[in-house]
Amino acid sequence: MEYPLWVWVFFFAVVLTALFVDVGIVNRRSHAPTRSETFRWSIVWVSLALAFCGFVYWQFGLDHAKLFLTGYLIEMSLSVDNLFVFLLIFSYFKVPKKYQHRVLFWGIFMALVLRLIMIFAGAELVEKFSWILYVFGAFLIYTGLKMFGDGDSFEPEESAIVRMSTRFIRISKHYDGEKFFVNVDGKRAGTLLLLVLIVINIADIVFAVDSIPAIFGITTDRFIVYTSNIFAILGLRTFFFLLADLADRFHYLKFALAFILTFIGVKMLLPLLAEGLLKLSGADGGSAFALFLERYNHHEYEQIAINISLGVVVASIALAVMASILFPAKRNEQEAEAEQE
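Residues in the sequence shown are numbered from 1 upward in steps of one, following the numbering used here.
These are computed hints drawn from the structure, not numbers from a lab. These numbers come from a predicted model, not from an experiment. Careful: at least some of the hints might be erroneous.
[Claimed, not checked] Distance condition first, Cα-Cα at most 27 Å in a straight line; then the derived DSS-like pairs of lysine-lysine:
| # | residue 1 | residue 2 |
| --- | --- | --- |
| 1 | 146 | 267 |
| 2 | 179 | 254 |
| 3 | 97 | 279 |
| 4 | 94 | 254 |
[To be verified] Label-pair ranges, simulated between beta-carbon atoms:
| # | residue 1 | residue 2 | range |
| --- | --- | --- | --- |
| 5 | 279 | 13 | 15 to 25 Å |
| 6 | 94 | 276 | 10 to 20 Å |
| 7 | 92 | 54 | 23 to 33 Å |
| 8 | 173 | 117 | 40 to 50 Å |
| 9 | 9 | 61 | 47 to 57 Å |
| 10 | 18 | 206 | 38 to 48 Å |
| 11 | 186 | 126 | 13 to 23 Å |
| 12 | 188 | 109 | 14 to 24 Å |
| 13 | 59 | 148 | 37 to 47 Å |
| 14 | 206 | 124 | 36 to 46 Å |
| 15 | 321 | 179 | 19 to 29 Å |
Quick reminder that beta carbons are idealized off the backbone N, C-alpha and C, glycines included.
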């Protein structure tokens, strides 16, 4: 579907205005946000996303609004899981809390451009090579099944990102307020804050390799994929501070995300499976099952598929959160002793 230019202009105007208010007015001075402040801003960002979802419904109908909401929830849920990596990066580099918001802001600003390139390039590939959706589907199944295990841990000291950055960019070994660049012995050098920004941005690109194919499994509509992606990322900065102390409590969320990725991957492979079954059975459309497969491949159940996808995403996240609350993770003895002291 082609969208009029004014819709894109309106979207970017909303996003840039919100960012200006956030950074230019509310967070003009670097400070560590309080829990009440982050809670209020979390409500603001979620409300803004829901308001835009309402705009999509008003302009383009219920199906587009459902697709936007599904994409938003998928990106948000995956972003929450990525908070663990952000926490590890900030902890390893000992980034002062009052400067973390600045790093996340510029990270989001860069994501506006990088996600635009990745999403439009991905959509172009899907249009020219429709089979690439099957590659995405297989990749999501692999990623989802891998998440059911222990998964990968990010080790900054062993990261190729850090080694490559320090090799090509002169980085000082200290922070200088909120500056990204300083003069050292008369030469321009980046601060540790710049190195953290680089690591955060590359980590975001790696995260997008999972999240963008996942949303392509729901829709290949560029506008829906990009806008839902960006609104989810906008809220990520605030949710980072809100959930930094609570992230460990949602220990079942990882399994919900693994299930969601696997479900979407299977959904993306269903047309290929249906086509294969039709060829193997040699059905001419006479049987009810063959008729169902043929209709599925002709997208006659598209609205039902949208509702099922949205329901699975919402139910999976809700069940994971409820299970985490009802069955909290067992703390080790050291954590219990530290809390008692």
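Evaluation of the provided hints:
Restraint check: the Cα-Cα separation between residue 146 and residue 267 comes to about 18 Å, which is no more than 27 Å; the hinted pair holds. For the proposed pair residue 179 and residue 254, the alpha carbon gap of about 35 Å is over 27 Å, so the pair is violated. Pair hint residue 97 plus residue 279 does not hold up; C-alpha atoms about 60 Å apart against a cutoff of 27 Å. A threshold of 27 Å between alpha carbons decides the hint, and for residue 94 with residue 254 the separation of about 26 Å falls inside it, so the pair holds.
Checked against the hint of 15 to 25 Å, the pair residue 279 and residue 13 fails, with Cβ atoms roughly 50 Å apart. Remark: the range hint 10 to 20 Å for residue 94 to residue 276 is contradicted by a beta-carbon distance near 54 Å. The given range of 23 to 33 Å is broken by residue 92 and residue 54, whose C-beta atoms sit roughly 41 Å from each other. At about 33 Å, the beta-carbon gap between residue 173 and residue 117 misses the expected band of 40 to 50 Å.
Remark: the range hint 47 to 57 Å for residue 9 to residue 61 is contradicted by a beta-carbon distance near 21 Å. A C-beta distance of roughly 26 Å is found between residue 18 and residue 206, which places it outside the suggested range of 38 to 48 Å. The given range of 13 to 23 Å is broken by residue 186 and residue 126, whose C-beta atoms sit roughly 51 Å from each other. Against the hinted window of 14 to 24 Å, the Cβ-Cβ separation of residue 188 and residue 109 comes to about 22 Å, which satisfies the hint.
Under the hint 37 to 47 Å, the C-beta atoms of residue 59 and residue 148, about 39 Å apart, fit the expected range. One distance hint, 36 to 46 Å for the beta-carbon pair residue 206 and residue 124, is violated here, with the actual separation near 21 Å. The given range of 19 to 29 Å is broken by residue 321 and residue 179, whose C-beta atoms sit roughly 39 Å from each other.
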